[in-house]
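Visitor: Chain by chain, the residues:
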Amino acid sequence: AQSVTQLDSHVSVSEGTPVLLRCNYSSSYSPSLFWYVQHPNKGLQLLLKYTSAATLVKGINGFEAEFKKSETSFHLTKPSAHMSDAAEYFCVVSYTGTASKLTFGTGTRLQVTL
Amino acid sequence: DAMVIQNPRYQVTQFGKPVTLSCSQTLNHNVMYWYQQKSSQAPKLLFHYYDKDFNNEADTPDNFQSRRPNTSFCFLDIRSPGLGDAAMYLCATSGINTVYGYTFGSGTRLTVV
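Same order as they appear, the protein sequences are chains W and P.
For the first sequence, the working numbering assigns the number 1 to the initial residue and increments by one for each residue that follows.
For the second sequence, the working numbering assigns the number 1001 to the initial residue and increments by one for each residue that follows.
What the hints contain is simulated information worked out from the structure, not anything from laboratory work.
Among the clues, some could well be false.
Once the Cα atoms are required to be at most 20 Å apart in a straight line, the calculated EDC-like pairs of lysine to aspartate or glutamate come out as [claimed, not checked]:
id: 1; chain 1: W; residue 1: Lys101; chain 2: P; residue 2: Asp1059
id: 2; chain 1: P; residue 1: Lys1044; chain 2: W; residue 2: Glu88
id: 3; chain 1: P; residue 1: Lys1044; chain 2: P; residue 2: Asp1062
Build the full structure now, drawing on both the sequences and the hints.
Guide: As structure tokens, this is what we get:
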């Protein structure tokens, strides 16, 4: 069975400071891992994905994530937060297979203050 | 641009009055999904179509139905909406192999009055 745990339901940072959103996964198979962002009343936008290639994955808007198999983690980071980064972030896991379903974490709300 | 389009963005319906939400895609993806997302929660999968094959989640209420008349379109029908069905409904698509993730539409926010 696959599952994903987002360790923080809410993270608050000041503009210009680093962002760290934590995610741990469990999967019986080689996982595909994703981070999605959702702004208020909007759909989900793919930030980045890990699909068994490079363990350090770069995404859009300056975000990146590192796949660490030994720690079963896929934390999302950004060196410098911007006000526009304030949103809900979902860590998602999937089997690398056919038409497999995505399993969502419970989400982390990122607040960015001046 | 290839995309997933949901209409309408906002839908208000009366308690018990049937409502249909629509989703279209220009990605030519085989798989289309419907998710329900309630406030401050993760999206919950209702069902998905693999081409014309319908796959219902075990805990999806019978009140929710879906149709996929062709590759491009998929509809979510709520036969008798209750107050508890007020939510954001998200449509998503993927290729046969979901290694690349899903592409989501912007969602339809359903209000039941």
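Visitor: Hint compliance check: list the failing hint numbers for this structure, sorted ascending.
Guide: Structure breaks no hint.
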